[in-house]
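So you can see what is in the structure, the chains are spelled out below.
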Amino acid sequence: MKTGIFICHCGHNIKHTVDVKKLSNFFKKYPGVTVSNDYPFVCSEPGQDMISESIEKQGLDRVIIASCTPSLHGELFKDLLKKSDLNPFLLRRVSIREHCSWVGDDIEINTEKARRLILAGLYSAAHYVPLEEKRVEVTKSALIIGGGVSGLSAADFLSKMGMQVYLVEKEAELGGHVKNLKNIWPARKDGKSIIDEMIEELAGRENVEIFASTTISGFEGFFGNYEVTLDTLEGEKKLTAGGVIIAIGFSPFDPRIKPELQYGKDKRIITTLEFEHNADTLQLPEKPRVAILHCVGSRDEQIGKPYCSRVCCINALRVGEAIKDKYKDSYVESFYMDVRAHPRGGEEYFEDTQEKGVLFTRANVAEINPSLTGIVIRGEDTLFGEIFEREFDLVVLSIGMSPPVDNKLTASLLKITLDKDKFFMEAHIKLRPFDTAVKGIFIAGSCSGPKDVEESINHGRASAVKLFGFLNLGYAYVDPFISYVDPKRCSGCRMCEQACVAKAIKYDEEKRVVHVEEAACMGCGLCNATCPSSAISLKGYIDCMIDDEISAFMEAI
Amino acid sequence: MLQDKAEKNPEIIGFACSYCTFKASEMAGSLRMKYPDGVKLVQVPCSSRVDPAFVIKAIFEGADGVFVAGCHPGDCHFIKGNYFTRRKIAALKEMFDAFSMNDKLRLFWVSAAEARRFVEKVTGMYNEIKERKNVRKEN
Chain A
2 MKTGIFICHC GHNIKHTVDV KKLSNFFKKY PGVTVSNDYP FVCSEPGQDM ISESIEKQGL
62 DRVIIASCTP SLHGELFKDL LKKSDLNPFL LRRVSIREHC SWVGDDIEIN TEKARRLILA
122 GLYSAAHYVP LEEKRVEVTK SALIIGGGVS GLSAADFLSK MGMQVYLVEK EAELGGHVKN
182 LKNIWPARKD GKSIIDEMIE ELAGRENVEI FASTTISGFE GFFGNYEVTL DTLEGEKKLT
242 AGGVIIAIGF SPFDPRIKPE LQYGKDKRII TTLEFEHNAD TLQLPEKPRV AILHCVGSRD
302 EQIGKPYCSR VCCINALRVG EAIKDKYKDS YVESFYMDVR AHPRGGEEYF EDTQEKGVLF
362 TRANVAEINP SLTGIVIRGE DTLFGEIFER EFDLVVLSIG MSPPVDNKLT ASLLKITLDK
422 DKFFMEAHIK LRPFDTAVKG IFIAGSCSGP KDVEESINHG RASAVKLFGF LNLGYAYVDP
482 FISYVDPKRC SGCRMCEQAC VAKAIKYDEE KRVVHVEEAA CMGCGLCNAT CPSSAISLKG
542 YIDCMIDDEI SAFMEAI
Chain B
409 MLQDKAEKNP EIIGFACSYC TFKASEMAGS LRMKYPDGVK LVQVPCSSRV DPAFVIKAIF
469 EGADGVFVAG CHPGDCHFIK GNYFTRRKIA ALKEMFDAFS MNDKLRLFWV SAAEARRFVE
529 KVTGMYNEIK ERKNVRKEN
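Chains as they are written, first to last, in the numbering used here: chain A, 2 to 558; chain B, 409 to 547.
Hints were generated in silico from the structure; no laboratory data involved.
It is possible that some hints are incorrect.
[Said to hold, decoys possible] Taking lysine to aspartate or glutamate and the EDC-like style, the derived pairs with C-alpha atoms no more than 16 Å apart in a straight line are:
(1) A:K288 <-> A:E392
(2) B:K465 <-> A:D548
(3) A:K327 <-> A:E381
(4) A:K409 <-> B:E469
Note that the structure is predicted; figures quoted are calculated from it, not measured.
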């Protein structure tokens, strides 16, 4: 066996706390190791060239790359092996960055841990065999869950590119929260008109099917052919979708969770959304005194919402501006923690609003007490360090975004993950912000974290582009990690048949052994662990690989 | 010196599901969270892939503790693999109990987002085993 070990410095990320030179020297002398090198960035082009050159010159038949975690650059190194005419499943990635150099500080201890990790990889890779990736046909259709701005923009792109689009909306009408907004900043457009424009675009297209008042009741299958059951008004409907975009948006924060705000007990305390709806019908005196509270339901650890909702500062500014425009002599005071007018032009808008006469007080509001003459706000001015108490005619709560109400249901149905704030989690926060951990399922819009209208539209379109890239190929390769049965060892006890969740194991009455139906096998390895005669093995994770990995960890080889 | 260290610090082998716990451990690393070097992970496609024989093998080879970690009940990517794991590990624990080794085996659920929980769980297990181990040594 000719194994090549390549240890990455990852700049200083690994080198800083792991003695890479010592490691590569150690493995140079190790039996079965032909090449052992360390390199500043293995993923760089010269780094890749080094590996392919070694494969060709030394005739390597196993490649071990000790670098970042396997899910990063996975495809890159697989392609590298393919180019060098080596089966990509003879590659072993050892994570010595996320699982070693970044989790400890002591260079001596880390080097020892990295050595054991690479050793485990080496022994496990010894059992690797070349595998063939399975090719599956992909249905050129997409299911989009949620008909808000991001869902609509995704549907627009995908249908324009000729994909069949199924757009599912829980409510009777498309448009989500945006359709209720008036005067969207900075376009100064009505939300309804934006939505109508988008729907009009879609309406003429034959390859768009819209299901309103519909929820999803069943979801099965794998990338390329997801079997979806819809619960429509007319009854159940089944369809096949190649990929999925989740764009179920957000829920407005319910201020009742904070009882000190007295929301719902007095009709003079309203949210920014309610202000938006009823701006024209509000009963206010000629010189109204209006308080605007920022960060209601955002940046609040006590209620488990430590994140910034990003849109509410601009919303608060819009409320202040609207009141100042309507009532010249009004007294408008904004109580803020920090003003984060982050979108383009936001800072200027903040200054404009100040010039119009909206007062900004950096304060923590402690309580709100409605009385007959007005609403008394008590709080602390955090710049002056003083307690204040002021009376207002109207209090507007600038509420933040909370995760969508259906988040848990959708997550468990589609088998995807929620992050700590209960929004949908992306596969990688920087490198793969639209993907989920499941192939072919994407997230778009504010269901993956607070976003404004512009960002949601962009996010929807970006997810659609990514999904289009997958669907347009028409086929996909799936990992060949499926089970196989050694008929000589199979005793026909049929325990695996009962255990298999995917019903991929079939019993042959004549031969009295079982076999695995490859297309149905999901590759969980449950049958492998169940089989009492060790007749079933999961390719890529066979027993002796894991056994040797354990032994190498414990240095009992 | 190194010999001394190796004797006192426990070695823990963890079986981590690719879809959740392994992802959480990646995230813990990215967030530069610290946990003991004695914790080493074996990546498995699903926690149900863990044959009880692996656990026993790890103990035989000298591991001071073994944990199996998978997705929260109901969240399994393979629909219900983790329910099988739960039953398997429960049976195994009963067997371990007969040898008073119950503390050596643990099963817990960590989702892909719960990097902090992962670190808390493994550090907690490590510290408990370390404490017990050192007490035994003194006697």
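Evaluated hints:
{"no.": "1", "hint": "A:K288 <-> A:E392", "in the structure": "holds (13 Å)"}
{"no.": "2", "hint": "B:K465 <-> A:D548", "in the structure": "holds (7 Å)"}
{"no.": "3", "hint": "A:K327 <-> A:E381", "in the structure": "violated (29 Å)"}
{"no.": "4", "hint": "A:K409 <-> B:E469", "in the structure": "violated (41 Å)"}
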